[in-house]
Amino acid sequence: MGTYILRRLILMVPTLIGLTLMVFLLIAMSPGGIGAALNVSSGGQMDSGTSKAQQQAYLEDRYGLDDPVLIQYVRWLGRVSPVKFGQRDQIAPTGEVVRAPKQLKTPPRYDVINDTLPEVEAPDPVVFDESMTQEEQTRAYRLASQHYTRLRADSIRTRTIYLETLGRALREIDQDKYVERTGTMKTDAPKRAVERALTESGMESEIRESLDNALSAYASAERARLELKAVFDAKPFREAGFPIIPGTLSVAAPDLGMSFSRGRPVTALIAEALPITLLLNFIAIPIIYIIAVPSGMLAATHRGSWFDVLSGGLYVALWSVPIVWACVLMLGYLANNQSGLGAFPVTGLHSIEAQDMTWLPSFNDGHFVRGFILDTLWHLCLPVAALVYTGFAVLSKQTRAAMLDNFNADYVRTAKAKGVPSRDIVLRHVFRNSLLPIITMFVSIFPAMLAGSVVVEKVFSVPGMGSLVIEAIFLRDREVLLANAFIIGVVNMLALLLADVLYALADPRISYD
Amino acid sequence: MPSKFGFKDFILMVLVLITMILVILAMMQDDRTFQNLKETEAKLNDIESNLARMQRQLDTNDLSTKLDEISRQLESGVIVSGSSSTAQRSNLPDWAREGVEIDSTGPWGFTTDPYDQDGFSDGGEFTEYFEGQPPKITTFLYADVYGRRVNDLVMESLGWYDPISLKMQGRLAESWQYDPNGEWLRVKIRDNARFSDGEPVTAEDVRWTYEDFLFNQEIEAERFRSVYNAIKSIEVISEKVVEFTFFEPRFDNFDQAFGFKIAPKHIYQSWTESPAAFNQSTGLLVGSGPYKLARVSPDDQWTPPSDIVLVRNDLYWGPRTPLASVRIKCISDSLARLTDYTNGGGDMMRPNPSQFDEQRANESFNEQHDMREWYNMRGGYSFIGWQCGPRNNGPLTPFHDQRVRLAMTHLIDRDRIRRDISKGLARPATGPFLSSTPQSNPEIEPYPHDPERAKELLAEAGWIDRDGDNVLENERGDEFVFEFTFGQGSEGTLRMVTYIKDACAAVGIRCNLRPIDWSVLSDILNRRDFDAITFAWSASAPESDPNQIWHSNSIANQGDNFIQWSSPDADRLIEEGRRMLNVDERMKVWHQLHTVFHEEQPYTFISESPWLRFTTKRMRNMQEYNSGLEYHEFWISRESSPMTN
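Chains as they are written, first to last, in our numbering: chain G, 4 to 516; chain V, 43 to 687.
Hints were generated in silico from the structure; no laboratory data involved.
Quick caveat: nothing in here was measured; it's all calculated off a predicted structure.
Please note that the accuracy of each hint is not assured.
Calculated cross-link-like contacts (lysine to any residue; reagent style SDA-like; alpha-carbon spacing at most 20 Å) [said to hold, decoys possible]: (1) V:Lys-80 to G:Asp-378; (2) G:Lys-461 to V:Trp-560; (3) V:Lys-80 to G:Asp-368; (4) G:Lys-461 to G:Asp-368; (5) V:Lys-80 to G:Ile-326.
Extracted from the complex, chain V is given alone in its bound form (with noise of 0.2 Å):
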């Protein structure tokens, strides 16, 4: 029976026919009233960015009267503005309190002015990868470096480190009294801060968001909760002034009211009333600083895993950012991420050490792009962690015991594994201070590689091959045998651990490798469940509390001690310190505990990491500070190509 093409099949042709038409029409309608909206988006943008123009026109005239006002007042004898200067107790301002000394640190703006320099363009959009997506940007309820590093481009806080001195400057605060034994610090907003829908910043805004936002149990910030723990209360004295009060007079209460990110309460507010709807967010981010995320509605926010992108906010109140946007792509296989970087996708990118060390030789990569490595106080630390303390409280290790700590690192070629291993990426650490920052003792040198000392120390503390077997024992005749933990999935500590157990061997110590998932680290270390342990500390500011992973009270529940190192001197070192409140003082005192790890060797230190960055020719003005990247003085140069191919 052959097949005859019947008029049904006909009817259903005609169908099938009309429905695609139909399709490509609706695409094309579709098509047309896009192609308006965007016409008018383009409208409404150079009107914005027209008003923000005049904005910061009006802003500049108020500017230079207040200039005026205070050439008059310094003519008639007040003192103001430099560091540091003392108020007479006459002339003291009218928010400031009795008998206390004043500080300020003067205008906030660039560190390098972009704007001086040769060739200067303004716009173009800056395109940077994230290695992994973070699953939300929210504030306060971000959970990771992602999220981070992306709020700290929207949201600004009371103050910041200087990108080169590192010290904390006033950012949203203009000037500020502190309380000589510490339990209040005074704080007077800037005048023009306002957020990025112009609304100023106010000292209501500052309190709402700690208290009613950060504080408020009903949003998922327990990580921020946990971290702000000196701050007692807040009070709005005035709409520019507010003041913090302290628990106790702490080394750190002056960073952490200067560090948390001001958030503004009338746009804010409305969103946290149901919490629920807040906590699942994605993308609800909005502040005072030089950037902002273009749409922000709790209906139209930016979810994963779009790219994340930052449009120039023209409303910023500080000195207007050259870049007109900042793009972020997230690709997680780093393979992908460099291909697609050397293929013109992006402007920066981090490199693993082994493809920075590739690209070294490759001429053509290096003629286009630039190879960025540099130390600064966000970088880290590698260490082996030895444990001082019993086991899972099983019994000792052999490494309670100083001498035998200080036989490790006598032992471990520390150059060796950074010139090899870490492909010369890594210079010595000597303490948890990173070298960077003033918290470090200059004056410590690092250990030698001395595998004669290393011997030396073992017999000091009773460990020599008795039987003759090559392999130490101990009075009790219990041989040296340890069990070394590492993270998988690095082929870079891989060949660390490896290098590491012959060194042992050679000496008569047998070490066993254990490799773990990443997931169950805190698992072992809650537990105190190792012998010898590496993996690396990162940290966020130039000051770290070494008490959280220093003092023996940290060994206790659960403490970040988990190598269980107890040491009387340090102790009292960290309470002194954390009770310090000079900065110089403070650092004599951290220099003494410096050189009670480099003498006690709880860790073995072996090396600081560099920041390292792949950028494109075209990208101007990136500075490598000490304080990691300032994204708002970056330029695009329009000299060399577009990145497209």
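Isolated chain G, as found in the complex (with noise of 0.2 Å):
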């Protein structure tokens, strides 16, 4: 059996990887492309700005979306992995994750205009005085990262305007396949493409002088990165996870990154929403049980009468109800209360009021007080029941079918045989025996749960993980869906190992090795 496990353990890394590599390129290839969301908000407004292609760069440049997409993901891979590779990171006392500065590049294709790139004096190695408190330590790595950010901008944007003076200089000698919609010239641009550019289109001082530009920025740019780079080196923080092999090889926590849309951690973003979501499932799910499974039993047992024609029929009906219909009915009609009963409330989980209100409910001057518990129950009412009214019609169809298969089974009939009363063959033998499917579906549908139900969060304005994640793909929220995926993944694949576990547990003729 722990083979078997070890087994099933192993094969799901390559499954994951498969798996968010389908999410990744499928974001990657949908229309607008991985960060659609960078670029939502600057439309349908009249503001004026700077050069689209320097604020695209900037951004970018802060999400690496100017990787190839491929690259993006193997990077995205090394930061969830739990084994990484190289020099660890090191972890702030906020609890930030540092990393070591990520590289610069050089401007494209300068080495036909320029032979030789700037040279960049490596720093010395920084060591920081034992005497150097944290406050002081963290005070100069601070200020060398802020240096460099600053000069890594400077450096981008000469970049760009660099890659915009080429771009313009190629469209003027008719070489417009070399140019990117924002008017920068491609980066993978032929070196013949640049030098027609330099010499033909007429323009080349200033493109001689937009490069100089260009390579000075880069230049100190590089220079500050080496010396962001000697601070680090120096470990300003304690480093993150554990050594296996030093220098090489140590095991982390995961990092599933920032939300571009949100612009923080996905991690407090799921945080959030999780919670609120299993709530709600965990009010529905037993609700479903508590009815469905006793109506499956009392419709096996009474098979063919009116309760199990009437229960059939009426389940059947609710699970075709469509959800968005039936929640645009609740908050119609029991919800308002203009044109219905205005029983219930509208939106979101708590009344206004609810902060102030104690955690039970008390009499305060003969008025009633809800409480936070009951304030809570009463909003969660009309989402629960949009949850509950579909799964009455599978769950109870199994319970009757897996029942009326055990009826049918030798050692029922040899029970009877026996005179062991009915009661008690129903509740102990075949109830028992009917329940391995039913357990089983509960592990299938814990992983749907934290999916969220996307319609019912949005109509009752709920922000659980359905919220989150039609935004998130609204949006292209590379790190969202991302971090979503993989772990939808991970729970999905742990239920199925557990169910899997569990037949062999149950069942002593089921065995894996």
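Fit the two chains together into the complex; they arrive one by one in their own frames, and the hints show the way.
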């Protein structure tokens, strides 16, 4: 059994890589591509601004969108993987992960125009004095980091101007195919094209000037980078994780990254949304079970009776009501106090007054105050109802079918022949034997719970996982979507593994060895 | 084997029971401390507001002594105050530069004073709805219109647009000198201006906010950095005097210097020292405005999705605002929002045009609510943009010909679109400048709906039905076919494009509809990959810079001139206008530019859309200004029944 579980666990790694790669490619290939959100906010406003290419270069650099898609994916894998290669990250006292400074890009095709890169002298290694406090070390790192950030932005800006100048020159000589939509030259344009742009466009001095600017900005940024690297190497902060082979291999907690549509860590977003979705489902699923299982049993014992027919018909009818429509009806008839009852709140999880409420209900000057717990339950009524009503059909039919299977089994006939009371046969023998599929069904429901219910959460303004994911899809938020696919993938596979193990435990005939 | 209730079960039951009782007891204990805490908090609030009142009294005493001083000065012959007053060279205040006029706009106060009104009452909470959830409201990090609206209430800039005249007026700025050559601007900040913690607003705050906060590359404020591109440097002259230096004389220098929000250095400096943590913050917002957030600290800040609650800034340096607090609920589903509003959950919501239209005839709704509809500078206009250049580096579209564009405008019955599709909640647009702003040329009349004239124009341009198949062809025999791109999801837009398709078919033009997802819009615009496209622009200031959308420079490099329209006349006028510092002269140039747009029809301008608001009857003094709404003037009447049901 142990080796079986281990094998399954190891198999999870390629499955997860395949899964996230699929999601990653889907986002990358969808219209708008990764980070469509970055451009959305600037549309529709009559605001003027600096060159779009420069703004975009800044954002792409910030989120690493200027690299090929596969490299972006590998980088993401590296961050998520608990096994890390190379230099270890460090963790600042604020809890933020500090990484070695990113490499800087040279201006593309500089070699055609200028033979050499300007020399950048490596700074001396930094060693922190024993007497330096953590605060002083942090300060030293911050200063170096600020300096580098400023120069890096400058380098990216001048590099973009250089590419724009080349782009203009290429258009001048009708070589539009080497020009990006943003008006910059494509970074993989062949040397020949650059040579022609230089000699034929009549913009030679302009191109040279922009390259000189770009190169000198590059040189100072590179110098600042090396300085920052030196400070980083001196380890101003505690290192993350545990070393396995010092300097090359270590183990650290996975980092799910930052959402670029919301500018916050994905873990924080999920930590906010997940409990809400779980709360909804932990109320909804027991309700489904409590109603569906007994009525399935009753339907099985009284097969063909009016109860069997009615409950079956009713559940299937409920199952076929579209959730959107049901939600709208509930809002209109149960929540609206003009056209309906107004008995339930319309949106959210708490009333405005809930912040000032105590946990428990109380009487205040003769007024009944709901208290926080009751208030939350009251707000959950409609969303939970919307989640529950479609669930009866499948589960009660499943129970009914499993029970009927067992009723026809030999042991039931034997029990009957022995004179066991029929109540005992149903509850003690048949029901217990029919439980297996019901339990494994729960295992498959659980991952679906994590994903959240998009429609219900949207209509009732419940800020759960469904809302988070649907928004991330619209904005092509790479980080949120991948983290979500990753977590759901892991939970799903663990649940399936658990189901298989449970099978073996529940049924001695099954063995994986 | 019948199950027995054994000893083990009993122990288990007892344990479960004890745990439950303990949990309930813990809750009760927690409730008691909670009640105590609430009482202490209430007392603290009392003390705080008393302190604030005392501070205000001190201020007014201070002010009266100053007034005395001014009147004495007036008697002795120094001219101060009043708009655009000229100070004599010999009597310039000590902060000013020699030889340049001093401007000022007098004290900052209410445009419509709520305190004089019948039945005025102070306090109460005003609740409004946002249609989306802003992910963050931190200064300079927010990315949407909702974040901006919250920031507008909490933070202030040196100037603001007068709600009626839409002229830039001093807010934190008391008086200023603007170089006639447009190279520098020296501003004196009001002596009594202070942040919500009582600290004064100083020149150093202005400098720091711009140079070390907004332009700190480690702060993710690129959106703002790209907008504020006119100011070269800011110099602190003295504690209350600051001088801006501009890159070049440009028309929007003054508005940019007066427009960015001033943040308190003594608070933000420590926050921005760890930029990564600051970049992740959601609700770090402190300013000098009439409202403030009750809790602002990196450890205890507003996070979505809770309501945004702004409370009155009792230490506000300007006139005291009547509302005790403003609550903002974010509900993205439009039906849920309307239901919550009609259930009495809020005081103001923004309906969509069809919701507004449905309620117009609803008497009981009208008894309880005000339906507001007005045009202001923050409105927008919808249009059809015609591809005037090669589509996606391919062939030219028929619309490169001005006569064809003019024909399309004549062909489309814009009155009917406004009447039947926008339900009358729109008015004609003739150009990109909203008619409520001074930039718009009032003499321009919209073109009439005239299909005959459209046919003539098309024939002039060479589009005639040459082979009798009821489709127009040009000389080369190409049929007039174009693709009409529009954003999915709006029923109104769908009806409009369908109508236009029919109108085109009637004169022999084939129009293929191409619905797109909004997230690919910018991609399509950047590639110039459309024949005709419809959407809307919105504005946030009374004067917009036409350069970005209309100058031929903006065709290359993904500028917003995505229709690739190039007109030497327009280019000349845009350049001329941008250099012109005198407002009245500049408006004349913009009016000429408006005429060029009208003649050239690079867009067919369909309509301007009004602001639509439902508000409860208890809300008072909600003036429908040219600048939008001014929250600091609202008050809540106690006469009408409270909104709870």
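Exercise for the section: State the violated hints by number, sorted upward, taking the hints as numbered earlier in the document. Expected result: Hints 4 and 5 contradicted; others consistent.
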